[in-house]
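Participant: Top line first, the protein sequences correspond to chains A and B. The numbering used here puts the first sequence at residues 1 to 111. The numbering used here puts the second sequence at residues 1001 to 1114.
No wet-lab data here; the hints were simulated from the structure. Since the structure is predicted, the reported quantities are computational estimates derived from the model, not experimental observations. Just so you know, not all the hints are guaranteed correct.
Said to hold, decoys possible - Computed from the model, here is a short list of chain A residues facing chain B with C-beta under 7 Å:
id	residue
1	T26
2	S28
3	Y39
4	E42
5	G43
6	P44
7	F46
8	L47
9	S49
10	S52
11	G60
12	F62
13	F89
14	G102
C-beta atoms are modelled at their ideal positions from N, C-alpha and C, and glycine is treated no differently.
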Amino acid sequence: DQQVKQNSPSLSVQEGRISILNCDYTNSMFDYFLWYKKYPAEGPTFLISISSIKDKNEDGRFTVFLNKSAKHLSLHIVPSQPGDSAVYFCAASFSGNQFYFGTGTSLTVIP
Amino acid sequence: GAGVSQTPSNKVTEKGKYVELRCDPISGHTALYWYRQSLGQGPEFLIYFQGTGAADDSGLPNDRFFAVRPEGSVSTLKIQRTERGDSAVYLCASAEGAINTEAFFGQGTRLTVV
């Protein structure tokens, strides 16, 4: 049973525009959410996180939004750059235990 | 090194053989995780250590899989009687251990069972 879902396997965006990656979860016990970025043949790289006590966290071009009532989070990248092209995974955990990952969204930023 | 190190980066083994995969976490990180990633999927949890003890091993698929972390640092994932279905990228991650801190991943070991 997939507790974290990324329903869009791929996304293409023009350079300079906004990229919005979405993630849904089913377990209301999750209290910590993360986004990871993955290039081929490399391990996932931590990007940004958010605690369930917040609804927004911003770090440079990356902003994560959390809607607890909808059990939905999103990652906004603005402006998008070609180097952002990668697979993005959202992950969730509760009480600092195991992280549950989505299946990933492959982002392509077109120059 | 500064990051999580996994060795070997690639491993090809014959069906039925035994393999060991090694993970060297970031120094000082008390939490260590093993994940497995198959093509087109997200990382799938296997086991989580807090210090030397396995705090959660609920993700290990069966008793052919075992992991140890005897001194609370380096961890070894052991797979007995390997099967072709074990082929995947095995990822290790470490975290500071405090609740709700991000985990940092190694580059993974690509295991191929032929």
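Participant: For each hint given before, does the structure comply? Return the numbers of the non-compliant ones in rising order.
Facilitator: Hints 1, 2, 3, 8, 10, 11 and 12 contradicted; others consistent.
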